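A.B. asks: First to last, the protein sequences are chains C and W. Residue numbers 260 to 527, in our numbering, belong to the letters of the first sequence in order. Residue numbers 153 to 418, in our numbering, belong to the letters of the second sequence in order.
FYI, nobody ran anything at the bench for these hints, they're computed from the structure. Be aware that one or more of the hints could be misleading.
Said to hold, decoys possible - Straight-line C-alpha distance at most 25 angstroms; calculated DMTMM-like pairs for lysine to aspartate or glutamate:
# : chain 1 : residue 1 : chain 2 : residue 2
1 : W       : 187       : C       : 434
2 : W       : 187       : W       : 343
3 : W       : 248       : W       : 300
4 : W       : 175       : W       : 196
5 : W       : 400       : W       : 355
6 : W       : 248       : C       : 434
7 : W       : 400       : W       : 410
8 : W       : 175       : C       : 434
9 : W       : 175       : W       : 366
Stated by the list, open to error - Chain W side only, calculated, beta carbon under 7 angstroms to chain C, not exhaustive:
#  : residue
10 : 183
11 : 221
12 : 224
13 : 227
14 : 247
15 : 250
16 : 259
17 : 261
18 : 263
19 : 265
20 : 267
21 : 275
22 : 278
23 : 286
Quick caveat: nothing in here was measured; it's all calculated off a predicted structure. Note that CB positions come from ideal geometry on N, CA and C, so glycine has one too.
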Amino acid sequence: MSVMQANMRDPVGERSLATTLRNFVLTALVLIIIGQAAVFSGANLPELVTGAAGIADIVVRSMPPAFNKLPDLVWPTIETIDVAIFGTVVGVILSIPVAVLAARNVTPARPLYYITRGMVSFLRSVPELVWALIFVAAVGLGPFAGALALIFHSVGMLGRLFAEVIEDMDMGPVEALTLTGATRTQVFTHAVIPGVLPALLGMSLYRFDENLRSSVLLGFVGAGGIGFELLTSMNLFDYREVSVIVLVILVLVIGAERGSAFLRRRIF
Amino acid sequence: MSLTIAANAETNCRQAGSEPVLKVSGLGLRYPNGKQALTDAALEVNRGEFVVILGSNGSGKSSMLRCIVRLLEPTSGTITVARQDMIRLQGRSLRKARMSIGVVGQHANLVRRRSVVANVVCGALARHNSWRTALGMMPSSEMGPALECLEHVGLADLARQRAGTLSGGQAQRVAVARALAQRPQLMLADEPVASLDPEAANDVMKLLRRLAEEGLAVMCVLHQPDLARRYADRVIGLSGGRVTFETKASSISATDIDQLYGKQAA
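Please model the complete structure; the sequences and the hints are all you need to start from.
C.D. replies: Here it is as structure tokens:
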């Protein structure tokens, strides 16, 4: 039946009873899902209104920010940045061989593909905070536990993303170099790497941006850095120090975001 | 550079005697899905000869080319390139044999972000230590020959330019230069002008013709009978995976073309 015929039979676009019923059931289902989510997450408007006074009190008590504490925050800030740098760099380095094994078009053996795909899925599905708790227990409190958490989670994320970049790359140069008699290593370094490098660098920079934010949070579970300072100040109800730490975090996160966006633009 | 190619071809000729550089006989290929792509195909290409393979889509032209370089495994027959039995080769010896075959595809397949000359140098990779070249340490002695190859295809002035900025015709000529950097004895071209405008197509065909005149054995898969007439020495027609005719390019007839493409093509 042509569209014109359909329009002639149903000139004003009247819906059948079955369609109307189906739409009604779907809408009711969506509303039920949203409603149960609100109930089980304990959403309570009166409590929010009552809490607003408490929030206003905290804001008042955090003013003016204790800028005299800034010198004490320099080292924890550097520690946070370093945890993000180390976690990202080691994560990227480890992700490259993992991605080669996990990319369907270049993996040397199919069983290795399934094993590495499973491994990166596992590393990715465990949140960074959980990894940090595990490593705090394993290597003790401090930034190294945070860096290890970032490395594990980064390999999970980047391993998969890098593998997908390799799977989507143009295989023409790979075939062309293979036909010159080049070895697999030479083909990898002269056709695969130059083909995927810009995308890999862009993703790595984006990952650094993410890791910097995560390294702040990891301080909450004992992995050092400015997050740990923030937790300590909150526990001591020193809200003026909390506000200056929040400002430092803001500058740090925005700076990293802008910096990585600038570098990504330069690469592409 | 023409002297270098002629000298290489001369040496190869002495080594190979008067035997053809490429000899294919009884070649058969059946795909895993059961389709018979090639049946008892046979051809020869001699030093200094430019042979064009004509045939419609699905006639087995590209399959034959891919069998010669062992990207596809033939189910029967023999392939000899410069006296090497290609079918028996594996691993390192197959890589070594591939060095003697320059391949130019329908697309140039250059690494777009690298310079033109870096792409050409890649043709010489197989002559050098795998790990040294993997770390980017290409012997400086390869730079001169790579520039000579570029000069040979008329693009020496674009050596430092990014490959991604080249036009289709220029990119295809760089692909020829990369193949020349291998110092091949046989040049295979698989529809090298398919994506080019008539002027660029003629440039590429003239270049292949010149390489044949300088001593290389050149085999080119084409769809254009007029280009075959103009540039080739010999034309081989392929239909349904079988060689249907073989004739001098100058004497190719309308009947031959009809046989391959139907009446409208002649």
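A.B. asks: Out of the numbered hints, which ones does the structure contradict?
C.D. replies: Failing hints, ascending: 10, 12, 13 and 20.
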